[in-house]
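Visitor: Listed in order, the protein sequences are those of chains Z and S. The first sequence begins at 1 in the numbering used here and counts up by one. The second sequence begins at 318 in the numbering used here and counts up by one.
None of these hints come from the bench; they were simulated from the model. One or more of the hints may lead you astray.
Unchecked claim - List of simulated lysine-lysine pairs, BS3-like, C-alpha gap at most 30 Å: (1) Z:314 - Z:276; (2) S:581 - Z:276; (3) Z:316 - S:572; (4) Z:276 - S:572.
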Amino acid sequence: MAKVLVFIDNPGNALKKSSLELLTLARSLGESVVAVNGNLNGDVTATFAEYGVGTVLRPSAEDLDDYLVAPKAAYLAAAAQSTGATIVLLDNSPEGKEIAARLGIRLNAGVITDVVGVDADGTAHKSVLAGSYNTACKASTPVSVLTVKANNVIPEPAAAASTPETATVDVPAGSTAAAARITAREQKVASGRPDLTDARIVVAGGRGVDGDFGPVEELADALGAAVGASRAATDAGWISHDAQVGQTGKTVSPQLYISAGISGAIQQKAGMQTAKVIVAVNKDAESPVFEIADFGIVGDLFDVLPQATAEIKKRKG
Amino acid sequence: MKIIVLVKHVPDAQFDRHLNGERYTTDRDESILSELDEYALEAALQLAEARGGSKAGNQVIALSMGPAGAVNAVKKSLQMGATEGVHLTDDALAGSDAAATSLALAAAVQRLGQDGPVDLVITGMASTDGETSLVPAQLAERLGLPQVTFASSLDVDGERLVARRDADTTSETVEATLPAVVSVTDQINEPRYPNFKGIIAAKRKSITTLSLADIGLDAAQVGHSGSWTAVTSAEERPARTAGTIITDEGDAGIKLVDFLAAQKLL
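Chain S on its own, in the form it takes in the complex (with noise of 0.2 Å):
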């Protein structure tokens, strides 16, 4: 199987996070792969070693576009198992929205299957910068492959692929026919850790530089000049304060609808 997972190096989300320039561009200073890809990796890793691994030729491709900084998020996947990196990085791809992202994301994915179909696209349910999950649908309608996103559960059988999407009314069975562009859930399953032996192997491991050039596309096409959406302004939020503690005298719960009812919520 070839597995291509979507990795991105976003911001920690521990720290405080900050809108920079004239286009309110993210600061990626304090980055980290997205915690949501994790579970992808994970997904793509199970599926891999479900087939024999590497060793029967399965291959799990991680897949980062981003400034320099992102190849961090390529070498954190091949800690955790990708058996190659790549990084799709030019300056002219800088403040591209989830259109430019996935113009230049389709781009690659066709660029990495010249030698060899790819089986599957996997991705996180969202980033944990922009959080908008546009990427993977966008993906999937430029590639023309079906989409299963939100997906808690995954299993392949041959072309055939059956996953489980939870809404918060219903429960959905989906089926769809290799190859597909699927995203994954936190509930999917429980991402390793890098261990010892995991980070030593990384060290060995190639990592393929991509420029835009390479996947065809022009400046024009992707960042600020090629996305269909701009930020026009952004106002830092006041940060909340803390208000009135109190510590229970066993009369709190009174006290808490006392509260209640002076802010006429009730």
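Same shape as in the complex, but just chain Z (with noise of 0.2 Å):
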């Protein structure tokens, strides 16, 4: 059966969901071979066990973390190569994508990012050009790496738990000579709402707002939502860059994305036309968001979002 290498960096105290997602599509396409890197602490390991991982490699070094993409993709192909594994998954993460791109190049495999389902025989699905095209892409090559979109699978324990072996992976001498170091890292402010990426629901805010999230903050928190932005927004400094979705920004396929006072040029549209449902509110009734949403309303969010707000409080009781 093909073996089925998946990169896990930094598991720490559980598993994400994306983790998860990604140890149950190794094991639909073959014997999941788990590579971790960081510390691995009792539950994790109990955790791989219920999802039916065969081995579980560490590297050699513990450095890793201190040097950017470079020893990581070293590490990852020394592990491809030593297991023999045909399919290698990653994350979507910029990172994840970059040190696919890196091993891609080590073990001489074809990389596919943005992935978001695997068929048996290795095809892999994505949406391209702004989600105006799904297409099916290969490997030619003897491997493939992937790196795959957070919900597109539903994470899935395996019938039977596995007893898995663990093994450590020799980092090839020299693979952090020529990579540039991480000296310092700075943890953001944790905002308590879900992932932008991954969050069901998405409340975001463009020109409209003028400088004002609390409206869009108070009706995010309501329905349990990540708060995303257009770049009108972000360049006014009313709100983080990394809340921006459009083409420079992050990809949204959210069940759900109510637009508030966002215009919807294209520039935004790539980064949500996805979105299962789309609501949109803007005082313009021209606004190029109303030819794409489900339902819109033209009017001022200033009324319309905490009306909104104080309903669904009402109605949750």
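Assembling the complex is the task here: the two chains are given apart, and the hints tell you how they should meet.
Guide: Printed below as a string of structure tokens:
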């Protein structure tokens, strides 16, 4: 059976949902092997067993986090070679894609990013050109490297738990020599809201909020949603750049996207038009966002959003 | 300093974009310089200007790989202030994936380093068409150079490069020794517009054309045959259509919640 290598960087105290998705996908494609970087505690090891992982690999070096990308790719290449894995799965974060990029060169393997599904024969599915096409792609090389977007697989433990073997993989000497060093790392303040890329619901504000994200944030909290923004709002400095949805920001595909005070120019549309349901609130009836909204309200977001927030709280009791 | 900036000629995202042909390649008729590459060019120009500009021997070379039309991305770069342009073009390059593209670009960078070492290769954070962000990392791997990607600030002091890299939960300070491959985000600067003087000056700047033979590669190593991935099918997504649009008459917030409840989204 094909071996499928899953990379999990710093699993922490519990595996993230996106990691569980990768493990579930890996099991559907073959025998799963996990390559971990960072500390491994008992709960995480137990989860690997529940998800039917055959082998857990750890690097011989403990300083991979001190460098940017390159040594992690060198570690994974060694892990893939020692296990004979033919598919390597990583998360679709910027760093995940870059590790995949370098790993591909090291293994002479085709790399496919932004994957939303994988067939048994290794064909990967993704959407391109800002969601205007769905494509199927396949690597022509013996090994394929795929970075998989979150929220496309339902995490499911294996029918029978496994007893994973553990092994150490030697990180090739010299893999840190030509790598950029991370000399400082600052933790950003956590918002307590769901992660924008993974959120089931996103409430986003644009130029129309005019510096006040209050109504957008209150509606988001009533719905348990993430907060997003258009480029106009992030460029104005009203909200952190991390919140930007669009071509130069994040691409989101939530179940529900509520757009408030955003005109919906192509730049923004590129980041959200694959949302299942789109609701738009804008004062200007001519806004392009109304062309793609399932439910549109021509009105003032400072009236509509607080009223909706109060109504949701009332109904939820 | 000798800086190479990679620039890509991409379909203008303001219009509908299409995949064509039996191999589903991008239709490049209405193309422009990728917006994200303007930040890379601006970063290079600022580094060169801080060191006395072209008068002090600093070079900013705009390199584009692509069909005939891609020379326009090089021309726009020259208008913005690049000192010279290079157009890597060959029919055999058509359809190259990231692996084949990075192979050709690495060979071109090495060729451009023959008459003096390259200090920096700067790129945008992604192309606005393929959007994979693979090429900068693959280029660094192929050239054996440090990779400093998604930089939102960039300082170079002698041989030492310091950049800031912002992720969702952390902000990192990254250091490397030149030469290096750097990709920059759209947060790093505000790219200049070409002015009249720049447009006139660009007409006198040279554009070198390189073929595959010039960079020492065979046709089989690039294009569809040299690529490690292939698109096997492509389906245009049905365009979204407008749904119900109402005008607020004082109760739109309630109607919004009714809609969410009906869609089982509460």
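Visitor: None of the hints should be skipped; say for each whether it holds.
Guide: Evaluation of the provided hints:
no.	hint	in the structure
1	Z:314 - Z:276	holds (25 Å)
2	S:581 - Z:276	holds (12 Å)
3	Z:316 - S:572	holds (16 Å)
4	Z:276 - S:572	holds (19 Å)
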